[in-house]
Every structure is written in structure tokens, then in C-alpha cells.
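A.B. asks: Use the sequences and the hints to build the structure in full.
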Amino acid sequence: MSIPQSIADRFEIEALRGELSDAVMMRDYDRAASLFTPAAAMRWPHIDKEFVGRDEIRAGIEWGQGLWEFFVQNVHPGTIRLNGDSAVGRAYVQEFGRMRDGGSHANHAVYHDRYQRTPDGWKFAERVYEVRYLDSTPLAGSPLPALPVPVRLLPGE
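Residue numbering for the sequence shown follows our numbering, beginning at 84 and increasing consecutively.
Think of the hints as simulated: they come from the structure by calculation, not from any bench.
Heads up, the beta-carbon is just placed ideally off N, CA and C, and yes, glycines get one too.
Be careful, since some hints might not be right.
Quick list of simulated restraints, FRET-style, between CB atoms [to be verified]:
id, residue 1, residue 2, range
1, 90, 197, 17 to 25 Å
2, 85, 199, 14 to 22 Å
3, 88, 219, 23 to 31 Å
4, 227, 201, 35 to 43 Å
5, 161, 113, 20 to 28 Å
6, 85, 227, 42 to 50 Å
7, 135, 105, 18 to 26 Å
8, 228, 90, 35 to 43 Å
9, 182, 95, 33 to 41 Å
10, 155, 85, 34 to 42 Å
11, 133, 111, 19 to 27 Å
12, 168, 227, 22 to 30 Å
13, 186, 121, 31 to 39 Å
14, 122, 220, 33 to 41 Å
C.D. replies: Shown next, in the form of C-alpha cells:
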């Protein structure tokens, strides 16, 4: 693999990871599911949940987001190891929010990923979420009211 191709692949995979975080934060479940291959798997072992295929992944993300009163996720770059049309990587995560049942949640975690190059670009083939630290201390703050109109990233979005 050429160095320019390697750089392009890493850039595209990092953009894929950012796109998924944005789709989840914006509760755009169709967009989130489209970032996975048709046979992909998403696993949350800390709560014994597994979703296989885009339909289950979409439903799983929507179910998970439905548990939150508010939710903030920050994903930090990790490793990417390329192998032709596939790759593996890790991304580091910090999340916090308040659940609809009143419980608070803050964690630090790791995504263990497998990526696949497709005709539509890089997609997730598998995403496993490993929680490394969990804090359920009640959050002192509260969310601000939502903006009346969503902020658009580009004209026409």
C-alpha cells in the first residue's frame, strides 16, 4: 500500500468514527446505521447486548438513546492498523449524562473496531464497547434548553 493511500485510508476511517459520534449525538439513527456494513455487529458486553445487521444496530442505538434524558459523548482518536481493504482500531470514549430514570452516568471506555472498505467507502464491520471506568455519582449540572432550529453543518443539509 502506498503512503498516500495509507494516509487517505486513515483519514477516512477517522472521519467515519466522527460521523458515527455525530449521528448518535444528533439522534440520526438511519445515518448511524448506514455507517455499518450490512452484516456488521455492535456489541455492548457491559450490559450483555449485541446487535447484528443494520436494522438491529439502528434499533439498538435508538433504544440506548431512549434511555437518556441527555447524553454527551466525546470520542478521542486511537489506533488504526490497515490491512488492505480491512482495518482494526481503537478509539477512546468519555460519556456522561442523566438517564430518564434519574440516574447519572459518567464513564471512560474503549471502542474496539473492525473496519471494511466498501464501494461506498470505509464502514464499521464490528464495534465492541468496553467500559473501563463508571461513575454513577449524581451530576450537579443540568442540560440547557435545546436550540429551536438544529444547527446545519453545510448549506442544504
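A.B. asks: Output the numbers, in ascending order, of every earlier hint that fails for this structure.
C.D. replies: Result: hints 3, 12 break, sorted rising.
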